[in-house]
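Please build the complete structure, drawing on both the sequences and the hints.
Chain by chain, the residues:
There are 2 protein chains.
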Amino acid sequence: MTEMIEKTEQLPDLESFQPEEMTELLNGNHAELINRIKAILSYPGFIYLSAANKETYREKVLEWCQVLAKERLGALGYPKEFGGGGDLGSYFVAMETLSYHDLSLVIKFGVQFGLFGMSIMFLGTEKHHRKYLSKAGSLELPGSFAMTETGHGSNVRDVETTATFDPSKNEFVINTPSDNARKDYIGNAARHGRMATVFAQLITNDRNYGVHAFLVPMRNENGETLLGIKIEDCGEKLGLNGVDNGRIWFNQVRIPAENMLDKFATVDKNGLYSSPIKSDSTRFFTMLGTLVGGRIGIPKAALSASKSALTIAIRYASIRRQFGLPGKPEIPLLDYRTHQRRLIPYLTNAYALHFSLEYLTTRFLNRSEEDMREIEALAAGLKSWGTWNATQTIQECREACGGKGYLAENRFAALKADTDIFTTFEGDNTVLMQLVAKSRLTDFKQEFHDINFFGVMKYIATQAAVAITEKNPVITRRTDDEHLLDPEFHLAAFKYRERSILISAANRLKHHLKEGRNSFEAFNQCQNHLVELAFAYIELVILEQFQNKLNSLEVGNLKDTLTNVYNLFALSQIEKNKGWYLEADYLESTKSKAIRRIVNRICGVLRFDAKGLVDAFDIPDELIGAPIGLAQA
Amino acid sequence: MTEMIEKTEQLPDLESFQPEEMTELLNGNHAELINRIKAILSYPGFIYLSAANKETYREKVLEWCQVLAKERLGALGYPKEFGGGGDLGSYFVAMETLSYHDLSLVIKFGVQFGLFGMSIMFLGTEKHHRKYLSKAGSLELPGSFAMTETGHGSNVRDVETTATFDPSKNEFVINTPSDNARKDYIGNAARHGRMATVFAQLITNDRNYGVHAFLVPMRNENGETLLGIKIEDCGEKLGLNGVDNGRIWFNQVRIPAENMLDKFATVDKNGLYSSPIKSDSTRFFTMLGTLVGGRIGIPKAALSASKSALTIAIRYASIRRQFGLPGKPEIPLLDYRTHQRRLIPYLTNAYALHFSLEYLTTRFLNRSEEDMREIEALAAGLKSWGTWNATQTIQECREACGGKGYLAENRFAALKADTDIFTTFEGDNTVLMQLVAKSRLTDFKQEFHDINFFGVMKYIATQAAVAITEKNPVITRRTDDEHLLDPEFHLAAFKYRERSILISAANRLKHHLKEGRNSFEAFNQCQNHLVELAFAYIELVILEQFQNKLNSLEVGNLKDTLTNVYNLFALSQIEKNKGWYLEADYLESTKSKAIRRIVNRICGVLRFDAKGLVDAFDIPDELIGAPIGLAQA
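Chains as they are written, first to last, in our numbering: chain A, 14 to 646; chain B, 14 to 646.
These are computed hints drawn from the structure, not numbers from a lab.
None of these values were measured; they are calculated from a predicted model.
Among the clues, some could well be false.
As the list makes no split between identical chains, a pair holds if one copy fits it or if it spans any two.
[To be verified] Under the rule of at most 30 Å between Cα atoms (straight-line distance), these lysine-lysine pairs were calculated in the DSSO-like manner: (1) Lys-606 <-> Lys-458; (2) Lys-51 <-> Lys-589; (3) Lys-276 <-> Lys-523; (4) Lys-527 <-> Lys-606; (5) Lys-341 <-> Lys-451; (6) Lys-182 <-> Lys-51; (7) Lys-451 <-> Lys-606; (8) Lys-527 <-> Lys-341; (9) Lys-341 <-> Lys-624; (10) Lys-589 <-> Lys-484; (11) Lys-341 <-> Lys-458.
Below you can see the structure in the form of structure tokens.
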């Protein structure tokens, strides 16, 4: 079917691309750890459970976590002095690699070693580290992270659980004032957790100092629930049934004062509250900010699940044949343009996300305090973009495999069901995207604040000049390959979009405020606009990081292949947003149509590399599991 | 939060809309049957199984089907003389209503009474009707529909199972030549089916006459598999685990000649083949055409599932509160613009689909032979559009309910999993959309064929005139409510889109053929274009039918409400396709932006009717099942 592909000189030739080289690039300097984890997950003991009974499944997942703890993977991110590996980066690599396996496993792993253990690490002080970290890392102390309440999912600041200081006994009293305030969906709570990091309103001397975290014992060593604690099983869920999510009520539960995680605030024995951070609001966000790691783990897990789905669907599409010329053999699905269009752009999204998550992780690991707002926005945005992308990728892969894709043995059932909640937990995506937008608006405000009147005038003039250059008819109509494949064009287009939406959102907000609406109402009026701003921002970041990655490569086959992947990512994003670009007169019709044509062409070229590009994810057959998706199928 | 809604004089006021009246409109003249079925499904025996074991689940679903058979619902569509209700329309109503319940139930029901029973009814002759129809309708004879093979899903014409006539014994020999030719995913096969309608290549006197249907016994009355038949369970599936899908191999299985379903062709005792339809191809498509009813049932089931999901999500969004002004109560999710934008357009899609499926059913029930190609295209297109829409609707509803939506008790788990295969079975959507497009291209060719040269010139002139009128700057820039809410504008826009894509697709195909590509390759080059044509066509049909429904209503509150629903449907479709409209210069930027604003406004107005509009679906609480979605929640 090669004659069906329109060839072009501009698209690099890809004949000798080596998947192994690409694997090396993706693994970076973590190859050893990644291979070690893949080897562990390929042990016979890790064979997927089929048609599991919920309770059996939960026990198996706990067992798996115990094996991983024994292999010292759980404590990778904790300081060495408390039995850890002293390398937070390795912890993220572990999350990512474990996500090629059962996702209940990685979520249980994340609850125990990430949410529970790292809340102690980041919100607690040395006494907590000494007492609990090595036990958390070895799974001797199974724990939960009890933040969400039934009535308060996204709105953490308004949780209702209270922690009231009692100076007479130097204790905090943890209490659930209503059913709406019970802790809900708490992983590791229904069966295995013995202690929980509980987020509650700290009250001392009759004053509420806002949300703080406390270590609250839930069960004794025999697994019996402690006095004053009521735990209920959340029951069957859409997916992740190997995780024992539960609901927790606290009835005047007393804990020693030292169980307050006191990195950011303390209460002395007289009940006097003090904190190095004066503003309640700043303290709250600083505290939450330290937990941003959770938001990095989720899109990494989502990406690994997407890679599994793509591997299965693209390998199947390479061998499954259907229809064709009369009297000739049927042709592979991947030769069909609709099939290329369905799958290959999601494959390029996976590569793009890989590099941007790598960037986010590096930023997080090397963070300074001033970086935090930006890193939080990046994490929130990439979490949302990445998890929505996973939902779409896996869905498209399932459909592309037809009836085969519907059989549980081919793993889409689990991949779909288990990742479905990723768009909700660690922050609802729609809410997170608004945080991203607000962060961009804050940047914007500061930018104006930092420059004087002439600076503003100059800024506006620059913007106008950009508009004049880029929206020049010569540019808006250019349809030649050289221009369409020019990274400068992509970057300018992505930047222009982000900047324009940012400016118009700021103007609209100002307008609504001027008309007398309060800020809540003004934001609500612009909500969709803000979500679009967040998309534009995150897509710009992803593009920039992909470009940076390409620029770091030496000339050669690997770079050529990745250039095609990059081009398809960049152009298919512009195509996705063509309504916006046309509306903004940034593209003319002829150019928009030319983009569609070149996207078709690149899909046609990458069709021949698609299998190599999924092989490069290097997911062992034992973890792929699906009979239709094995390397040798 | 009412002040957040920009009011407009042009949008009808909706204060006194009565959900009961809307229910009446939706039910048409089937209210009695619908209510009878809802009452049956509300029996305690029909309580949903939770966390079901697959085998228990399958037996329960069989039991439910037996109850429905006893209530004479299965045979509703069969002729009265064979124990049926003599009303195919009622059968479709039953499918639609049963789909508010467990979807394994409706699929098992559809396999038995629709696919199996109706293949006998439509492909067989009186001897088959007399012998089998009443037994199929009473479920005394559980049956399967064995068309799909492992290697041949969409490409039915190339199935490999053979039915070779043996004149010495006046028998057909049914045989599976290879593992790829085993019948696959066959409902009712793994456990309960005793007979199957098997599609196989008819061979007699050494000639292959193409695919025909045969009744092949599979099991005896004790449920034991017969000699020469091998059946394997498909095992766990992503959803629909209450249906016993299986794989069937035939090893030289002999059946009497009379078991050939001989409505369209016969083989006499000497092996002489004859058919009233001379062309093998025409006969094949005529035969498949009679089975188009199955493609009507699926989008109806998908629509009911969408209605259930919307009922749950919109009721929950009306009571669930999150965030708000400091010191004030939190506000309901449905007051948020993003939430309105997520859910309300899907609600209007549900109404739009309801009316177009009503139209399709009427067309099918009153079909003449000349209508068939159009009806098949309508069924294929509405099946695809409706099932993709269901996947999206249910996904958005799940996400809009956050963590609550992830709990199995709130039913999204089942709704998502069970409907997921709807985009694949009864024809893969991407393949079906190409059939739709091909049908439109055939119409187009005929249109040109029927008119002479001057006619063609006149036609082109008319097209140009339309372009000149509608693409006049005065029109492409109009942004006033009167114009944007004018059904003539909507109709013209939808028609223009369909017509333009049709003409350009025809031209591109011609171009590729002229360049020497064969027709298969030419079609592959245009595949995405063709899918877009199918979308444009189906959306035009849906719009027209919604307009017809509105025109049939008397002035009043009901019509006012439905007008808003209609407007949102029409405008949000144009908004969805704005990239195309801008590219075609049919809209200018200002108008495209005005459409976005008015879509926001209508969402804001319909926010107050959203609950009434889902109440009007009138799904009993017993069937809603979800605690967060009950009428009195």
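Notebook entry, point to check: Can you tell me if Lys-589 and Lys-484 fall within 30 Å by alpha carbon in one copy, between copies, both or neither?
Noted result: both (19 Å within a copy, 25 Å between copies)
Next item on the list: With 30 Å as the alpha-carbon cut-off, assign the pair Lys-51 and Lys-589 to within, between, both or neither.
Entry: neither (36 Å within a copy, 43 Å between copies)
Note to self: With identical chains, the pair Lys-451 and Lys-606 could be close in the same copy or across copies; at 30 Å between alpha carbons, which is it: within, between, both, or neither?
What the structure shows: Cα proximity of Lys-451 and Lys-606: across copies only (23 Å, versus 34 Å in one copy).
Margin query: For Lys-341 and Lys-451, with the copy left unspecified, which applies at a CA distance of at most 30 Å: within, between, both, or neither?
Written below: Between copies only: 22 Å across, 58 Å inside.
Notebook entry, point to check: Quick one: Lys-527 to Lys-341, C-alpha cut-off 30 Å, is that within a copy, between copies, both, or neither?
Noted result: between (70 Å within a copy, 22 Å between copies)
Note to self: As a check of your reading, is Lys-527 near Lys-606 (CA-CA no more than 30 Å) within one copy, between copies, both or neither?
What the structure shows: between (41 Å within a copy, 22 Å between copies)
Check: Given identical chains, is Lys-182 near Lys-51, meaning Cα to Cα at most 30 Å, within a copy, between copies, both, or neither?
Finding: neither (50 Å within a copy, 61 Å between copies)
Next item on the list: Check Lys-341 against Lys-458 for me: Cα-Cα at most 30 Å, and say if that holds within a copy, between copies, both or neither.
Entry: Classified as between; 28 Å across copies, 65 Å inside a copy.
Next item on the list: Please work out whether the CA atoms of Lys-341 and Lys-624 approach to 30 Å or closer within one copy, between two copies, in both situations, or in neither?
Entry: Within one copy only: 24 Å inside a chain, 56 Å across chains, cut-off 30 Å.
Notebook entry, point to check: Between Lys-276 and Lys-523, at a C-alpha cutoff of 30 Å, which is it: within one copy, between copies, both, or neither?
Noted result: Answer is neither: 38 Å inside a copy and 72 Å across each miss the 30 Å cutoff.
Notebook entry, point to check: Is it within, between, both or neither when you check Lys-606 against Lys-458 at 30 Å Cα-Cα?
Noted result: Only across copies: Lys-606 and Lys-458 sit 26 Å apart there, 37 Å inside one copy, limit 30 Å.
This entry does not satisfy hints 2, 3 and 6, going by the numbered hints stated previously.
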